[in-house]
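S.K.: Under the working numbering, think of the first position of the sequence shown as 1, with each following residue one higher.
What the hints contain is simulated information worked out from the structure, not anything from laboratory work.
Being a predicted model, the structure only gives us computed values, none of them experimental.
Treat the hints with care, since some could be wrong.
To be verified - Below, a list of computed lysine-lysine pairs in the DSSO-like style, where the Cα atoms sit at most 30 Å apart: (1) Lys-135 to Lys-63; (2) Lys-61 to Lys-108; (3) Lys-63 to Lys-17; (4) Lys-61 to Lys-81; (5) Lys-17 to Lys-81; (6) Lys-61 to Lys-17; (7) Lys-135 to Lys-108; (8) Lys-135 to Lys-81; (9) Lys-108 to Lys-81; (10) Lys-63 to Lys-81; (11) Lys-17 to Lys-108.
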Amino acid sequence: MYYSAPLTEALLLRRYKRFLADVRLPDGSTQTVFCANPGSMRTCLGEGWRARISDSGPNSKRKLRYTLEQVHNGRCWIGVKTHQANFAVREALQQGRLRELGAVTMLKSEVQVSAHSRLDFALRLNGRPCYLEVKSVSMCEGGVYYFPDAPSARARRHLSEMSALHARGARAILLFLIQRSDGRLLRAAETIDPAYARALRLAAAAGVEVRAYRLQLGARRLRLAGPVQIEL
């Protein structure tokens with residue numbers, strides 16, 4: 001997927017109040033930008049790190065014109081806008097770049113699967129109903145990617161619902177999309193959310209397909225890259 005305009009480079013000063021960050025623009029001015037990431041952003045924040053921001057334009061009706069998209073830790077760019085993962089996966093499915101999953105003949109987004117939850121996609125793969133949930137991964141320590149970066153009851157609930165859907169005959173796929181390139185494999189963050197780690201192993205044992213891919217980050221474009229090893 002292409003950005004509507006190339007991202008602007010800046011310097012990250014701080015993130016605060018969960019959804020706000022201050023950056024220094026190339027002209028030396030300081031700007032408060034929207035940080036569309038509800039997680040802890042562990043291993044994604046450093047004072048003075050290079051950053052890339054998007055601009056919604058001078059005529060935007062948004063309260064904050066700019067959005068924090070990526071940061072650079074000195075080794076690689078890290079995508080910190082979590083919902084970009086969904087857009088990249090949708091594009092890959094539509095363009096047939098996930099052929100190992102099967103041939104897509106129907107695709108719907110944000111599908112209600114219970115009174116309290118939605119999953120990212122409902123589709124048909126090789127004619128079989130399938131539900132696919134995307135999780136954005138931005139945490140990395142010691143060459144290992146981890147999810148989640150904060151306890152998440154919502155993520156655990158998704159696993160339970162996907163297991164139930166699989167038991168009723170549908171395929172259920174959990175796709176981790178890793179928004180950085182400085183690791184070698186993915187694990188559940190057992191020290192952060194041990195309940196999620198247990199739930200992930202149970203869901204995989206019950207038939208939920210667990211996959212991980214890397215997202216290639218650029219100032220103009222995001223693109224799904226190759227698969228990443230998973231250790232449950």
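S.K.: Each hint needs a verdict: does it hold in this structure or not?
M.R.: Results for each hint:
A threshold of 30 Å between alpha carbons decides the hint, and for Lys-135 with Lys-63 the separation of about 27 Å falls inside it, so the pair holds. Of the pairs offered as hints, the one joining Lys-61 and Lys-108 holds, with about 28 Å between alpha carbons and a cut-off of 30 Å not exceeded. Taking the CA atoms of Lys-63 and Lys-17, the gap is near 15 Å; set against the 30 Å cutoff, the hint holds. Proposed proximity of Lys-61 and Lys-81 is supported: the alpha carbons are some 20 Å apart, at most 30 Å.
With a C-alpha separation of about 16 Å, the suggested pairing of Lys-17 with Lys-81 holds against the 30 Å cut-off. For the hint pairing Lys-61 with Lys-17, the CA-to-CA distance comes to about 21 Å; that is within 30 Å, so the pair holds. For the suggested pair Lys-135 and Lys-108, the alpha carbons sit about 17 Å apart, so the restraint of at most 30 Å is met. A C-alpha spacing of about 12 Å is found between Lys-135 and Lys-81, which places the hinted pair at or below 30 Å, so the restraint holds.
Between the alpha carbons of Lys-108 and Lys-81 the distance comes to roughly 22 Å, so the proposed pair stays at or under 30 Å and holds. Simply put, Lys-63 and Lys-81 have alpha-carbon atoms about 17 Å apart, close enough for the 30 Å limit, and the pair holds. A hinted pair counts as satisfied when its Cα atoms are at most 30 Å apart, and Lys-17 with Lys-108 does not qualify at roughly 33 Å.
In terms of the numbered hints stated before, the structure departs from hint 11 and from no other.
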